[in-house]
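Here is how the chains run, residue by residue.
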Amino acid sequence: MAFTPDIAAIRFGEGLSPSIEPAGSVRDVMAQLRGADVAAQNFPIRPYSDLYGEFGEVSRLQKLARRGRNSADEEKLANEFRQARRELNLRLQDAFAPLVSRSVTTTQPFRERLTRFWADHFTAVGKNNLTRNAVPSYIEETIRSHITGRFVDMLKAVMVSPMMLGYLDQNTSVGPNSRGAKGRRGLNENLARELLELHTLGVDGAYTQADVRQLAELLTGMGTDVTKGFVFRAKVAEPGAETVLGQSYGGGAPSVDDVMAFLDDLAAHDDTAQHIARKLAVHFTSDAPDAAMVAEMADAFRATGGDLMAVYQVMLDHPFAWASFGQKVKQPVDYILSAMRVLEVPEITLKKLNRSKRAAYVLTPMAAMGQKLYRPNGPDGWPEVAAAWVTPQGLAARIQWAMSAPSAFYRSLPDPRDFVGAALGSVADDRVKFAARAAETRREGVGLILASPAFQRR
Amino acid sequence: MVDDLSRRKFLLRATALGCSAAASPVLTPMTFAQAPGDNRLVVIILRGAMDGLDAVRPIGDPLLRRYRAGLGMSRDSGATDLDGFFALHPALAELMPLWKQGDLAAAHAVSTPYRDKRSHFDGQDLLEAGTGQDIDGAGVRDGWLNRLLQVMPNAGSETAFAIGRSDMKLVSGKAPVSSWSPDGRLDMSPQARLLLEEIYHDDALFHDTSMDAITIAESLGMASDDSFGMSSRDMRAALKSAREAGDASVLARFAARRLNEESRIAAFSLGGWDTHRGQTRGITRALGGLKDAVLTLKSELGPRWDHTAVVAVTEFGRTARENGTRGTDHGTGGAMIMAGGAIRGGRVYGDWPGLDEAALYARRDLMPTTDVRSYIAWLMHGMYGVEASTLETLVFPGLQLGRDPGLLA
Numbered sequence: 000m001a002f003t004p005d006i007a008a009i010r011f012g013e014g015l016s017p018s019i020e021p022a023g024s025v026r027d028v029m030a031q032l033r034g035a036d037v038a039a040q041n042f043p044i045r046p047y048s049d050l051y052g053e054f055g056e057v058s059r060l061q062k063l064a065r066r067g068r069n070s071a072d073e074e075k076l077a078n079e080f081r082q083a084r085r086e087l088n089l090r091l092q093d094a095f096a097p098l099v100s101r102s103v104t105t106t107q108p109f110r111e112r113l114t115r116f117w118a119d120h121f122t123a124v125g126k127n128n129l130t131r132n133a134v135p136s137y138i139e140e141t142i143r144s145h146i147t148g149r150f151v152d153m154l155k156a157v158m159v160s161p162m163m164l165g166y167l168d169q170n171t172s173v174g175p176n177s178r179g180a181k182g183r184r185g186l187n188e189n190l191a192r193e194l195l196e197l198h199t200l201g202v203d204g205a206y207t208q209a210d211v212r213q214l215a216e217l218l219t220g221m222g223t224d225v226t227k228g229f230v231f232r233a234k235v236a237e238p239g240a241e242t243v244l245g246q247s248y249g250g251g252a253p254s255v256d257d258v259m260a261f262l263d264d265l266a267a268h269d270d271t272a273q274h275i276a277r278k279l280a281v282h283f284t285s286d287a288p289d290a291a292m293v294a295e296m297a298d299a300f301r302a303t304g305g306d307l308m309a310v311y312q313v314m315l316d317h318p319f320a321w322a323s324f325g326q327k328v329k330q331p332v333d334y335i336l337s338a339m340r341v342l343e344v345p346e347i348t349l350k351k352l353n354r355s356k357r358a359a360y361v362l363t364p365m366a367a368m369g370q371k372l373y374r375p376n377g378p379d380g381w382p383e384v385a386a387a388w389v390t391p392q393g394l395a396a397r398i399q400w401a402m403s404a405p406s407a408f409y410r411s412l413p414d415p416r417d418f419v420g421a422a423l424g425s426v427a428d429d430r431v432k433f434a435a436r437a438a439e440t441r442r443e444g445v446g447l448i449l450a451s452p453a454f455q456r457r
Numbered sequence: 000m001v002d003d004l005s006r007r008k009f010l011l012r013a014t015a016l017g018c019s020a021a022a023s024p025v026l027t028p029m030t031f032a033q034a035p036g037d038n039r040l041v042v043i044i045l046r047g048a049m050d051g052l053d054a055v056r057p058i059g060d061p062l063l064r065r066y067r068a069g070l071g072m073s074r075d076s077g078a079t080d081l082d083g084f085f086a087l088h089p090a091l092a093e094l095m096p097l098w099k100q101g102d103l104a105a106a107h108a109v110s111t112p113y114r115d116k117r118s119h120f121d122g123q124d125l126l127e128a129g130t131g132q133d134i135d136g137a138g139v140r141d142g143w144l145n146r147l148l149q150v151m152p153n154a155g156s157e158t159a160f161a162i163g164r165s166d167m168k169l170v171s172g173k174a175p176v177s178s179w180s181p182d183g184r185l186d187m188s189p190q191a192r193l194l195l196e197e198i199y200h201d202d203a204l205f206h207d208t209s210m211d212a213i214t215i216a217e218s219l220g221m222a223s224d225d226s227f228g229m230s231s232r233d234m235r236a237a238l239k240s241a242r243e244a245g246d247a248s249v250l251a252r253f254a255a256r257r258l259n260e261e262s263r264i265a266a267f268s269l270g271g272w273d274t275h276r277g278q279t280r281g282i283t284r285a286l287g288g289l290k291d292a293v294l295t296l297k298s299e300l301g302p303r304w305d306h307t308a309v310v311a312v313t314e315f316g317r318t319a320r321e322n323g324t325r326g327t328d329h330g331t332g333g334a335m336i337m338a339g340g341a342i343r344g345g346r347v348y349g350d351w352p353g354l355d356e357a358a359l360y361a362r363r364d365l366m367p368t369t370d371v372r373s374y375i376a377w378l379m380h381g382m383y384g385v386e387a388s389t390l391e392t393l394v395f396p397g398l399q400l401g402r403d404p405g406l407l408a
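Taken in order, these protein sequences are the chains called C and G. Per numbering that gives the first Met the number 0, numbering of the first sequence is gapless, rising by one per residue and ending at 457. Per numbering that gives the first Met the number 0, numbering of the second sequence is gapless, rising by one per residue and ending at 408.
No lab work stands behind these hints: they were computed from the structure. Even glycine gets a Cβ: it sits at the ideal position worked out from N, Cα and C. Among the hints, erroneous ones may be present.
[Said to hold, decoys possible] Quick look at which bits of chain C chain G covers, simulated, 3 or more residues with Cβ under 8 Å:
#	region
1	91-100
2	117-130
3	195-209
4	373-381
5	386-396
6	414-423
Using the sequences and the hints, build the whole thing.
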């Protein structure tokens with residue numbers, strides 16, 4: 000199979016939309032990544048650094064509440080803190096409507112898909128009361144702005160992001176021989192290991208336990224202040240030079256520059272190019288991607304110093320990107336967003352969904368399909384293989400959602416005979432066309448189309 | 000059934016390659032003598048690397064407290080002393096009656112063949128694949144529990160159950176395995192069901208999975224014939240079950256329900272073991288879940304508990320020394336926990352390597368002295384009569400069974 004607009008929209012976009020023309024060529028797909036990020040402008044999500052003031056205010060109230068324990072004001076202070084925390088979380092949860100509206104309306108859908116791909120590559124989960132709903136803001140500031148740039152720049156942004164430093168425990172890691180250790184505190188290897196294993200070299204990459212240990216020492220000092228974001232704390236940085244992957248870093252006064260120098264080398268490592276190329280290929284084309292295509296993508300990564308646009312271009316230009324159509328199964332988030340796109344769920348409907356309806360119509364079903372939004376089980380993010388998603392319980396949840404959710408958004412649904420064309424275009428097969436005709440009600444017909452393999456594969 | 004499933008796998012590949020479905024191969028039949036019988040096996044995967052030195056503490060070794068001053072390793076094990084040398088973590092104290100009546104055991108200094116990279120994800124892949132490190136765990140698509148089913152001749156689709164939402168490589172493979180998640184409910188009219196079967200007909204992966212989904216929903220009595228929209232009561236129920244989905248006793252209760260009927264093997268996962276920081280609190284919560292699961296299984300299984308073996312295994316242990324953040328980092332040797340009336344309990348199995356720095360693996364982790372697979376293999380031998388040679392070649396390829404540790408009562 001060669002390039003077709005419908006396949007481009009389904010494989011490298013958010014699926015078909017009744018009112019948005021799909022990209023007509025590979026050049027059109029790549030053009031979505033050039034120029035302004037239209038969806039982000041139309042449906043803003045607050046960047047993480049915008050939240051420092053509010054984080055500071057909630058922590059200030061928390062401290063007052065703690066100090067006021069056993070005083071006459073105890074209850075009042077505790078309530079003020081709880082109220083502020085609750086309001087912060089409600090504000091952050093408002094990212095839901097713009098997030099969905101972007102996918103429903105965008106004319107640059109490849110951007111949305113790449114943003115989710117990289118957010119998964121650099122998975123971070125908010126672990127405390129302030130950050131548990133701040134992941135969209137992390138993605139907005141740290142990931143989305145770098146998806147069309149160089150890998151090393153995204154890597155560096157992630158490694159100084161409060162979300163990642165908190166998630167993988169870097170905040171609490173202390174150089175055992177630093178002044179701040181006081182003989183009591185010490186290293187935590189968590190971020191060092193995942194930086195090598197998941198973010199860059201890959202688990203088969205050329206590193207050893209000794210590299211993990213040395214890197215953990217090199218990373219000491221990288222920390223977060225809740226009201227300021229990234230800070231480098233020289234006091235807890237391990238003194239002396241560290242040797243990671245055969246190169247020595249630091250040795251002078253501890254500085255974040257030593258870490259940045261290492262990240263430059265790490266991003267340029269052969270194994271990083273291979274790991275990133277393969278991961279992109281697996282996500283977008285096949286659980287077993289064509290080795291030659293992966294090699295060409297890795298070569299482009301190396302030749303351009305990790306220019307991601309060049310890597311995407313090679314993938315889209317390769318015949319395998321089109322010949323392997325249908326081998327991937329949409330993850331639940333992609334599945335639900337693509338259904339809402341073809342249903343054209345209006346922004347106003349999304350904005351009006353209160354918390355329990357958001358949960359009932361979207362978030363709980365997504366969790367039942369196996370994907371708790373922004374809460375993967377580990378730093379390795381979500382599984383890629385089709386069989387991980389097409390499980391009896393996961394598929395049951397998809398069928399249930401397909402049959403019930405569309406009528407939660409609309410009082411009257413489209414005629415299934417039209418909807419099959421809108422949702423599947425040229426990839427509709429005879430069986431799903433038959434089901435669309437044979438269904439007794441619109442609701443059943445639309446549900447069957449959304450529950451079909453053709454709508455779930457890409 | 001086995002034929003059907005292998006055909007399904009082939010079809011999947013055939014679809015991808017675009018060749019004809021008519022070329023389906025015939026599976027090489029395997030014949031073995033034992034029927035599933037009355038014995039029950041529950042496998043619990045502890046995802047995230049349980050700290051064996053904290054769960055089953057070698058308090059008789061003074062080095063333990065020196066290595067872990069910040070982890071609350073009390074010298075006085077009090078109520079959870081096991082044998083004067085080992086003590087259970089206090090969060091497992093409610094299991095002490097089981098220990099005393101011989102229904103609880105541990106094996107220490109165990110590991111899979113996985114070494115050095117200490118990646119959770121590769122470690123879990125290898126644990127579930129049951130192979131050696133020479134075979135790429137991620138590349139092996141089936142798990143040892145599935146291969147056990149393939150050598151149990153009367154095993155049907157209900158013999159083994161995978162419970163919970165996470166992808167379980169352990170049970171994946173050629174043999175049919177049923178699965179269930181606490182929130183996998185399905186409301187479907189007969190009309191739509193027929194049409195669904197129609198649209199899934201040509202896609203092997205979706206086709207067979209949808210059959211299982213509908214069958215399970217019906218067998219649980221949750222399918223309804225007439226409701227398409229979800230009522231607010233349904234919504235609340237769905238929300239509640241989603242919250243409880245990870246709850247250890249919910250998983251155990253469901254496992255027991257199946258095991259009280261035709262199932263003989265159940266598997267599920269418990270998380271929360273990756274205690275890099277603030278371990279005291281984290282592991283207390285995780286061990287509490289494990290304890291709840293064991294006690295729920297015991298009470299729900301009733302008299303069948305006497306024929307039950309529960310095995311809790313993890314991908315690797317954690318560092319012997321605490322790290323700089325009152326936690327532990329990824330290690331090598333660890334512990335496995337066994338419970339059930341079928342187990343000869345009241346003892347800690349294994350060769351204890353000691354905690355001297357020179358005796359540690361890479362001078363940092365507990366040295367593994369026994370392959371965790373050999374304990375599981377000996378259980379399979381004793382409970383299901385699987386031959387040693389079958390265990391060493393088919394179920395756990397490359398395993399040396401070694402001497403029988405006598406795990407069964």
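Status of each hint after checking the structure:
1. 91-100: violated (count 0)
2. 117-130: violated (count 0)
3. 195-209: Per the Cβ count (4), the hint holds.
4. 373-381: holds (count 3)
5. 386-396: That given contact holds, which follows from 10 residues of the region 386-396 of chain C lying within Cβ reach (below 8 Å) of chain G.
6. 414-423: Three-residue rule not met by the region 414-423 of chain C, so violated; n is 0.
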